[in-house]
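Based on these hints, arrange chain B on the given structure of chain A.
What follows is the residue order along each chain.
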Amino acid sequence: MFQNRIENVSRRGVLRGLGVTAGLVLAVPVMSRRSVAAYSTGADKMPHGTVNDPKVFVSIAPDGVITIIAARSEMGTGVRTSLPMIVADEMEANWDKVKVQQAPGDEVKYGNQDTDGSRSTRHFLIPMRQVGASARTMLEGAAAKRWNVPVSEVKAANHEVIHVGTGQKLGYGELAEDAALQPVPDVATLRLKDPKDFRYMGKGQIGIVDLHDITTGKAMYGIDTRLPGMKYAVIARPPVTGGKVVSFDPTEALKVSGVEQVIQVQGWPWPSKFQPLGGVAVIARNTGAAIKGRDALKIVWDDGPNASYDSVAYRRELEEASRKPGEVVRNNGDVDTALKSAAKVIVGEYYLPHLAHASMETPVATAHVADGKAEVWAPVQSPQGARDDIAKTLGISAENVTVNVTLLGGGFGRKSKCDFVLEAVLLSKAVGAPVKVQWTREDDIHNDFVHTVSAERIEAGLDKSGKVIAWRHRSVAPTIMSTFAAGAKHQAPFELGMGLVDLPFDIPNIRCENPEAAAYTRIGWFRSVSNIPRAFAVQTMVAEIAHATGRDQKEMLLEIIGPARIVDIGPTVKDFWDYGEPVSSYPIDAGRLRRVVELVAEKGQWGRQVPKGHGLGIAVHRSFVSYIATIVEVSVDGKGKLTIPRVDTAIDCGTFVNPERIQSQVEGAAIMGLSLAKYGEVTFKNGRVVQNNFDGFKLARIDEGPMVTNVHIMPSGPDVPPSGAGEPGLPPFAPALCNAIFAATGKRIRSLPIGKQLQSA
Amino acid sequence: MKKSLLTFGLAAALLFSGRAVLADDAVSKPHIGNGPAVEKSVPSSAPAATTTRTTGATDQDKTVKGMNSNEKAKIEANGK
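Protein chains in written order, with this note's numbering: chain A, 1 to 761; chain B, 1001 to 1080.
Bound-form chain A, shown alone (with noise of 0.2 Å):
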């Protein structure tokens, strides 16, 4: 029995729709306008940019329930609530008449739909509100027209349009099929509300669409997809990247109970951007008895290039690597003469190890090919991605490639890979059924696209007063372009973007530098990215330069991060990449970056006396384009256990629709940043993966979370443009947890995990 329950638009589904849904649903061509905006932002740079089409994305029901297409990937953000929310707001729909239904990978109908780098809402919150607002002048022009009058004698409120002269009122669902007659306004034409007139955006009243079957476990994920006639599937994949079958013997996977065929998968040599490893599929009629078939499983591997790779022995290569010259990214005034004639010189060398990204739910793609067509039910990031890759992957035009989006239990990057569709995809051409591709935990941790490992080292000339006159960053890191490029051994200009050329403070001599790294495993992206160890090294770097002055921490932040203006990056940057937004409306601020370390300290009380045994850590760091400090807590007892009694963070992202998401993003980013600190570390022997599960990749347990965290959102007005909330929490939480735990115990953690460094404290 098919249980897909959440509501996708599928072509067939649109079809349906037709008949029985008269409003704005119309067979019309779509129309992709461009926005106009008070500011710029890179939307219309991404491929299929954005469309504000309100019969693209609304439709009316005689009985007045609006339906409005969520086109992003929900996976926790409470995107497929907020930006329909937008679009609710402008048109005076009341919510509780509002259904949400999740669109399929079509970019050219719905613009982009790439859900990552934080980028929903500051792409689509114009859009969006001109949808609503298209939507709301053809109700209007529709109820003038009914009543014969002018449209400036009517207006929408509350779900109905009233005659102001008259009081006469009629209804949205009254009105739908003639709405749908009218002109979709010119853009350039179209009144958008006074915020001051918003009823959701910015209000924090509205809850997530899928609260009520999130909490009563009625959600449905991807893995939950089930189809008539389908085959589970697990595979046997290659356990060193670039490894591949030399041969399997599949007789006793074959008697166990289920298993109904054994058949290899094709892979490609690394790198293959986000082709299936390759390995040997079973084939069950329940996913259990394809994980024991695979259990029975003989293979022979051939483990290629990478079989040597021990990440031990890597961690001191990109160490050694870090104590020589590299690539200069950034150079302001004279590094070295500034930091010979410098009073003190403090060197912080710093290490991150691969993470994996562990979403709670795996991988997991339900895939039906048939006469030449592929449907697919999958917790994707980016639909339309994985919908080009199929076509190109089956040879097949993308015309004939459905992809529904479920709900993702969890992202962080890894389900913009689409390598487990693509192995679904193959799997149902090559069965001729419908075919479910589970991946098991051990699998996920195995086989990730992993976070990178960076070794950063920075050294800071002070003077003879303690002000900081130089500064050299050294960040070695393989590249995610190596999973795309063969032998890519620098870090691309997004990556140099995340927090090293990028360093807001007030240093007149700046010189960045990236040495050479290769690749020996899938490099992907993985939530915040390179923020995370350029934060962890230039916080902790900020903390220990105000210890070794006597310096309050604070103080000093504020002292490098200087006065409040617009960052100079200086000319030597090549290919500044601002989160792929134009300079001009997102600046890097530093008057910003001010103003959430003072409010951060103000509301979470720094400089409050803690009790014996605790301290007290602050870091703030800049990206997505959103300025975000956090202070962190610890209490460190005799045995080295860290508690966090509370945690508060500042975040100024601009212009923003839902804060009630942004503080669960917050949240949940100090949950995450505290499991990555403390025990996050995926490390390879031989090429392979040590961890296997949650007892070697841990996770913090919910007696360990911090027991209180206050998020604080900085106000601004309308005409700041809205900048990225999913992200930006993560980096500056564990640099200001490691400078707390310092406070506490005088130990300095510069190397994630904490593990096990605590217990000798």
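Since the hints were made in silico from the structure, they are not lab data.
Given the structure is predicted, the values throughout are model-derived calculations rather than measurements.
Yeah, the Cβ is synthetic: ideal placement off N, Cα and C, and Gly gets one too.
A few of these clues could be false.
Listed next, the stretches of chain A that the computed footprint assigns to chain B, with coverage defined by at least 3 CB atoms under 8 Å from CB atoms of chain B [unchecked claim]:
id: 1; region: 43-51
id: 2; region: 289-296
id: 3; region: 572-580
Relative to chain A, chain B alone:
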């Protein structure tokens, strides 16, 4: 009273015997879900990757090569 105690005792015995069977079963298959029980690796035909030797294959399938270069260009333009 005696009857209910007897029922309780029988139920407990069944429960514990059932648990024992499940526990034995789990012990007998400690590696369930960990992948193939028998895996071997043969010496690789590929030279070992080093910091100076290019890692990864350059002789890709044409389609995959195109996908790689398209993604590289996309990421260079848009970031992650």
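Q: Between the region 43-51 of chain A and chain B, see if three or more residues pass the 8 Å beta-carbon test, and mark the coverage as holds or violated.
A: As far as the region 43-51 of chain A goes, the hint holds, because 3 residues have Cβ atoms under 8 Å from chain B.
Q) Within the assertion that chain B covers the region 289-296 of chain A, do at least three residues meet a Cβ-to-Cβ distance smaller than 8 Å? A) holds (count 5)
Q.
Quick check: do three or more residues in the region 572-580 of chain A have a beta carbon closer than 8 Å to a beta carbon of chain B?
A. Answer holds; 3 residues pass the 8 Å Cβ test.
Consistency note: the structure conflicts with none of the earlier hints.
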